[in-house]
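S.K.: So the chains spell out like this:
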Amino acid sequence: MVTMAIAKQTLEDMLRRKVLLILLIVAVAMIALGPSVGFLSPRESSAVLRSLGLAVILIAGLLITILAGIQVIPTEIERRTIYTVLSKPVQRYEFVLGKFLGGLFTVFVMIAAMGIVFLGVLFYQEKHPAPEMIMGVVMTFFQMMLLGAMAIFFSTFATPVVNFFLSFGIFIVGNMSVVTESLTKNPNPGTRIVAMIVHVLLPNFGNFNIQNKLIHPEVQITNENVFIIQNIVYAIIYSAALLIGAIIVFDRREV
Amino acid sequence: MAAAIVTQGLTKTYLDVWNKAEIVAVDHLDLQVEEGEIFGFLGRNGAGKTTTIKMLLGLIFPSAGTGTVLGKPLGDIEAKSRVSYLPENPYFYESMSGWDVLDFYARLFRLREPERSQRVQKALEEVRLDPKAWKRPLRGYSKGMLQRIGVAQALINDPQLLFLDEPTSGLDPIAHAELRDIIANVGRQGKTVFLSSHQLPDVELVCSRVAIIHRGKLLATGKIGELTAGEKVEIRADGVRNGVIKQIEDLVGPVEHSDGRLRIPSVDEEKVSDLIDLVRSVKGRILAVVPHKRTLEEVFVDVVMKEGVA
Numbered sequence: 001m002v003t004m005a006i007a008k009q010t011l012e013d014m015l016r017r018k019v020l021l022i023l024l025i026v027a028v029a030m031i032a033l034g035p036s037v038g039f040l041s042p043r044e045s046s047a048v049l050r051s052l053g054l055a056v057i058l059i060a061g062l063l064i065t066i067l068a069g070i071q072v073i074p075t076e077i078e079r080r081t082i083y084t085v086l087s088k089p090v091q092r093y094e095f096v097l098g099k100f101l102g103g104l105f106t107v108f109v110m111i112a113a114m115g116i117v118f119l120g121v122l123f124y125q126e127k128h129p130a131p132e133m134i135m136g137v138v139m140t141f142f143q144m145m146l147l148g149a150m151a152i153f154f155s156t157f158a159t160p161v162v163n164f165f166l167s168f169g170i171f172i173v174g175n176m177s178v179v180t181e182s183l184t185k186n187p188n189p190g191t192r193i194v195a196m197i198v199h200v201l202l203p204n205f206g207n208f209n210i211q212n213k214l215i216h217p218e219v220q221i222t223n224e225n226v227f228i229i230q231n232i233v234y235a236i237i238y239s240a241a242l243l244i245g246a247i248i249v250f251d252r253r254e255v
Numbered sequence: 256m257a258a259a260i261v262t263q264g265l266t267k268t269y270l271d272v273w274n275k276a277e278i279v280a281v282d283h284l285d286l287q288v289e290e291g292e293i294f295g296f297l298g299r300n301g302a303g304k305t306t307t308i309k310m311l312l313g314l315i316f317p318s319a320g321t322g323t324v325l326g327k328p329l330g331d332i333e334a335k336s337r338v339s340y341l342p343e344n345p346y347f348y349e350s351m352s353g354w355d356v357l358d359f360y361a362r363l364f365r366l367r368e369p370e371r372s373q374r375v376q377k378a379l380e381e382v383r384l385d386p387k388a389w390k391r392p393l394r395g396y397s398k399g400m401l402q403r404i405g406v407a408q409a410l411i412n413d414p415q416l417l418f419l420d421e422p423t424s425g426l427d428p429i430a431h432a433e434l435r436d437i438i439a440n441v442g443r444q445g446k447t448v449f450l451s452s453h454q455l456p457d458v459e460l461v462c463s464r465v466a467i468i469h470r471g472k473l474l475a476t477g478k479i480g481e482l483t484a485g486e487k488v489e490i491r492a493d494g495v496r497n498g499v500i501k502q503i504e505d506l507v508g509p510v511e512h513s514d515g516r517l518r519i520p521s522v523d524e525e526k527v528s529d530l531i532d533l534v535r536s537v538k539g540r541i542l543a544v545v546p547h548k549r550t551l552e553e554v555f556v557d558v559v560m561k562e563g564v565a
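One line per chain: the protein sequences are D and X, in this order.
Under this note's numbering, the first residue of the first sequence is numbered 1, with each subsequent residue one higher.
Under this note's numbering, the first residue of the second sequence is numbered 256, with each subsequent residue one higher.
To be clear, the hints were calculated from the coordinates, so they are not data collected in a lab.
All C-beta atoms, glycine included, are put in the ideal place defined by N, C-alpha and C.
Careful: at least some of the hints might be erroneous.
Covered by chain X, per the in silico footprint, the following chain D stretches (three or more residues, Cβ under 8 Å) [stated by the list, open to error]:
id	segment
1	12-19
2	68-81
3	89-97
Can you make the complete structure from the sequences, with help from the hints?
M.R.: Next up, the structure:
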């Protein structure tokens, strides 16, 4: 009950943040304007729209997640609202989980809004529903869940500015998992060890990008459902580990 | 009567920015606050008052020493359900209405409907917030209204013990007086109030006991009446013949007298008995013996100045 009360309050607070709303409006506008790219053939136009839509959802989702994730806990400390919350019978883990869930609900609402517009525009363009694209949006959401958990973890000990660059940087490196994986076979032992550490420790964000398959149906992934479920489970387990870390750090933190 | 708060050697130290020198915010604080009393916790800015309250609430952790709140260790969740806190210059979620903010805090106490709504309404009525403002966003509230919301959130769980940190700071005189009355009313309900304040006249009016803290050290503690009681008295007498005035002046120094009436503004307590004997020896009449009483402010300044002001 306490965790959900904090999550609800966080969601309501986040949905009133102008910067997040502006990001959402810009993203929705970009998706909605997709069909106006009219100089391409119908097949190319459809691929561009699918690519543009998922890319916009990813970029807007990324910015919304990082901005929400780096702010939810430090803002409470900065405004000193945390004093009136933690002086009540609230366990610190309930506070961390409530803040994470509030941020996650925010990201969910925003990605869902963009996703609905995207699917609507796609239907308008292609004259038939494209349910397979839902999976692309869902994967983006789970990717953002993992990123959000990471931002919450860093926010328990780092300043928002440091957290922004850390989360963003790790997201970029984590998206290059193909590169880091190839570096683990490098002949140089130093490079191999560093690449191994980076590849194993950092979240593998690259696996959530299933756009190629969705945009170019001719690309085949063996056992696609298993691949998707594996990644969702990976996101949940990794996020849980990050949240446990966040709770351990925050439990010892003075506010 | 059981103790609501006990601290033993409670200490909080911080390291400076270079992580070398130790800054002692609270220094071996031994304190006992009884249940049902309104206890004033006095000190200058930076004396360690807020740090002490934060340690008692488990928001920060002591570097040394121990303490209990309502018989439980510091930061205990069960104790927190019977405690409340109004921080100095509180900030609330300004996009929420007064009602919604209190509803949120009530949820943190795991209160369910319909009790939750009843508690919210009761708290808002208790702090006398205009019902027209209950459903308005806090961003439109005045400082006084926000402070009432602060007190209301501190009353939402019907606490046994309230920590109030500078509750009247920055309020206009009317809001100030009203809030002071609310605090006094809370005390009349038998709740324990730990009131940290600079407003010494308020403390003198509402508190039964005080502690004075300076540079983290406890300098004085006791009942207000005991701390403010002076060691001198004023004596007024009638029918005192001129013949005895010289003897009286030898005993207590210069006096005011005319037509047999005598006024001695300041007499040491140990000389009172001899003086009364002298007046009576000439068939004079003692009209009044008035003990000198200091204000709490005078006591505070005296205690702090003796320690040295920095």
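S.K.: Would you mind marking each hint as holding or not holding in the structure?
M.R.: Structure-based check of all given hints:
Beta-carbon proximity to chain X at under 8 Å applies to 3 residues in the segment 12-19 of chain D; the threshold of 3 is reached and the given coverage holds. Only residues whose C-beta sits within less than 8 Å of a C-beta in chain X count toward coverage, and the segment 68-81 of chain D has 3 of them, enough to reach three; the restraint holds. Under a criterion of three residues with beta carbons nearer than 8 Å to beta carbons of chain X, the stated coverage of the segment 89-97 of chain D is upheld, 3 such residues being counted.
Violated hints for the displayed structure: none, as all numbered hints are satisfied.
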